[in-house]
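Chemist: Quick note, the sequences are listed as chains D and Z, same order.
The opening residue of the first sequence carries number 1 in this note's numbering; numbering runs sequentially from there.
The opening residue of the second sequence carries number 1 in this note's numbering; numbering runs sequentially from there.
Hints were generated in silico from the structure; no laboratory data involved.
With a straight-line Cα cutoff of 20 angstroms, these simulated EDC-like cross-link-like pairs (lysine to aspartate or glutamate) come out: (1) Z/K153 with D/E361; (2) Z/K351 with D/D283; (3) D/K391 with D/E154; (4) D/K391 with Z/D57; (5) D/K298 with D/D230; (6) Z/K107 with D/E394; (7) Z/K351 with D/E361; (8) Z/K108 with D/E394; (9) Z/K351 with D/D288; (10) Z/K300 with Z/D332; (11) Z/K251 with Z/D149; (12) Z/K351 with D/E280; (13) D/K161 with Z/D57.
Footprint (simulated), chain D over chain Z, 3 or more residues, beta carbon under 8 angstroms: (14) 46-55; (15) 247-259; (16) 347-354.
Derived contacts from chain Z toward chain D, CB cut-off under 8 angstroms, selection only: (17) G59; (18) D357; (19) D375; (20) E376; (21) A377.
As the structure is a computational prediction, the values presented were derived from the model and not from experiment.
For every residue, glycine included, the Cβ atom is placed at its ideal position computed from N, Cα and C.
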Amino acid sequence: MSCPFAPAKTGPSRRSLLAGAGGLLASVGVGVSARASAQEVSADAAAREMFFGEHQAGIATSQQTSSYFVAFDLVAKTRDEVTAMLRLWTDAAARMTSGETARPLGQDLSTEAPDGGSALGLSPARLTLTFGFGAGLFMKDGVDRYGLAVKRPEALVDLPKFNGDQLQPARTGGDISVQACADDPLVAFHALRELDRLSYGAAQIRWAQTGFLPNTPPGETPRNLMGFKDGIINPPLGGAPTTPDAPRGFDDVVWVGDEGPDWMRGGSYLVARRIRVSLEHWDRTEIDFQEQVIGRHKYSGAPIGKSGDQDLLDLDRLDKDGNPLIGDNAHVRLGAAAVNDGAQILRRGYSYNDGVSFTAERWPPWRQGMMYDAGLLFVAYQRDPRTGFIKIFENMSKLDALNQFTTHTGGGLFACSAGVREGEFIGQRLF
Amino acid sequence: MTTRRDMVKRDGRRAALLGALVASAALLAPAATQAAQSASFLDGVHRQSTLVSTVPDNGDQNPYAIVVAPVSAGSIQKDDVLVTNFNNAGNLQGLGTTIVDYNPTTKKLSTFATLPRDLPQCPGGVGLTTAMTMLKTGWVIVGSAPSADGTTKTKGAGCLIVLDPNGKVAGTIAGDNINMPWGNMATIDDGRTATLFVSNAGFGVGSPEGDPRVVNEETVLRIKLSIPEGKPPAVVDETVIGSGFGAQPNKDVFVIGPTGLALGPNDTLYVSDATGNRITAIWDAATRDHSAGVGRTVTKDGLLQTPLAMATAPNGHLLVTNAKNGQVVEVDPISGEQIKARWIDPNKAQKPPGSGDLFGIAMTPAGDGFYYVEDEANTLVLAR
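Using the sequences plus the hints, can you model the full thing?
Modeler: Below is the structure:
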């Protein structure tokens with residue numbers, strides 16, 4: 001038996017506190033074993049996502065229930081300051097995804113804590129941290145701050161202005177993105193908070209967005225705030241067969257291949273869009289109308305006229321009058337690979353809820369007043385946004401029946417570099 | 001008998017965008033039921049097809065006026081469809097500055113004109129309305145009912161803006177007789193001369209805050225133009241031929257005022273009086289030298305639900321878009337009978353379906369259908 005503050009040079013780990021019988025409050029001050037039982041270690045391993053690997057975690061990872069997305073503006077003066085920050089982030093990210101504190105806890109109580117401690121005693125909760133580089137890393141306001149302009153990938157374009165965009169500068173863009181995803185919202189927030197601490201002087205937060213998913217039983221598709229199952233059609237993972245609705249495999253859709261620069265091969269491009277949904281308006285519409293807007297039945301999630309949420313869309317089906325069962329302007333039709341020259345993306349979004357704010361609706365009846373600021377943090381990964389999100393959304397932004405309930409208020413495009421090898425730092429091959 | 005099916009024909013697009021439709025016996029007014037045997041233009045209209053998004057590159061929203069080009073001139077081809085946008089990209093009303101051009105042959109949309117937000121001699125600036133015409137000489141004349149904040153609280157009197165066929169500003173028409181030129185223009189075009197009929201919706205209109213009352217100060221102005229060879233139109237005469245129409249500021253829809261103008265036989269000008277929920281007739285429209293007041297009531301209430309823009313079908317009937325539902329109403333202006341209504345925008349995102357969605361309407365050159373705009377979707381639609 002040893003006191004967690006005494007024998008270890010680095011102080012207690014999160015796991016050692018997790019192993020304490022009474023959790024953090026019970027263990028602090030009384031001294032508990034730092035060694036977890038075999039059963040606990042096994043449970044801990046199941047709650048851990050590997051940080052190092054061929055691809056960054058948090059993309060192909062089975063989706064966690066909470067997300068904290070942050071876009072940073074770089075204020076570092078030199079490339080070395082940027083890479084120094086990335087080194088710190090790499091070490092901290094590897095530790096935190098293992099259930100450790102961001103930095104080893106020390107013994108000196110007269111100094112700033114190396115980790116704020118808000119996640120002490122908590123499981124890693126399948127924490128992933130996914131890093132992306134925005135256009136501003138390569139060139140900002142016409143200045144090549146870090147000598148990286150020549151390395152900007154062609155696919156890292158400036159997103160075009162889409163029909164209906166109401167993007168707020170304070171919620172848009174950024175030089176570096178970090179998305180923390182975990183099955184515990186506090187673990188996700190803790191991770192971003194610690195990375196933010198480590199970036200002081202080199203980067204500052206431009207915008208942040210929390211996100212959540214319902215605690216849906218395994219194997220079921222989660223519902224969004226509109227009450228519909230969301231994210232049904234994604235590229236098949238793990239050797240699952242392709243389908244007419246998802247005709248290309250996961251690797252082909254998501255990971256950058258030989259067409260990209262070395263540091264992006266095995267990486268992916270992240271498009272984030274903060275989409276406010278006019279929930280008050282939506283809630284006042286008939287269910288069958290909602291179903292026609294989406295192109296799916298509300299309760300089953302099945303395509304219109306079908307019974308299972310995994311059933312194929314079969315967009316060519318007509319009613320007895322010759323009208324398409326899934327209408328021309330239905331959301332699922334306009335997002336389908338079949339009407340977008342085969343374009344596919346991996347959708348990995350989260351609902352968000354930021355309380356209420358004064359809002360003027362963009363459509364009849366143009367209500368104004370305090371309304372929910374809630375909706376979807378749309379997150380999509382693809383090997384090239386020009387043939388992914390941009391290709392799909394160009395048409396959707398004009399014709400999707402759902403547009404009369406949704407407003408895009410922020411977001412960005414980020415190049416998520418290839419996975420981090422042990423001994424490397426995040427994006428090392430770029431620098 | 002008119003059946004629900006007759007009134008509520010859909011196409012596939014509507015099945016998705018607009019969903020199932022509301023059917024109600026109350027939709028048929030008694031007068032319309034009796035008149036259902038009359039020859040109906042709408043009976044020959046079977047399908048609505050979305051043609052194009054009307055949003056130009058600058059993001060302007062809320063399409064209003066529709067004008068079919070009578071000639072090819074400048075960048076415009078004969079039969080092109082010109083559409084104004086009333087809102088800017090931020091969806092603030094009275095700040096839209098663009099006219100888009102849809103070519104039915106190429107099915108492409110281009111931006112015909114992007115006007116400066118502030119235009120000298122146009123009080124308050126530019127916010128393009130339903131008042132627009134294109135003359136045979138190629139000149140395009142468009143109304144402005146500008147606002148600084150998207151409401152009538154900051155409205156200006158606006159003006160009529162004269163554009164050359166390449167979309168360049170060639171002049172403005174403003175003055176005491178013009179205050180928020182609003183409704184779709186009726187035009188008599190003889191080439192070297194032309195007569196415009198313009199409704200105003202801004203006289204006496206103030207802030208939409210509180211519970212503003214209807215002010216009955218709106219007018220119909222007749223403007224006679226001469227068009228010298230190679231020069232912009234010049235105003236020869238202005239005469240107020242209609243007056244006392246109602247207008248009401250509204251923080252949601254900006255203003256409700258006289259919106260539809262259409263010429264009928266015997267020099268009669270028909271006016272849709274939105275606040276009065278009626279259509280009136282002003283006789284001797286091209287020749288009278290004084291105001292006829294609001295004119296004679298042709299029809300009122302029934303199928304009309306705050307009537308907006310009007311077009312004249314080949315059978316002489318008026319086609320009127322409703323503000324408070326997604327129907328177009330066919331009216332025989334001679335008898336005053338409301339022939340029938342047809343759902344052209346039964347979008348159930350609004351209650352009643354399509355409420356607030358319709359505005360401009362214009363006949364196709366062949367007269368076999370009509371163009372209209374859907375403001376909730378920012379699209380140009382063809383019904384025929």
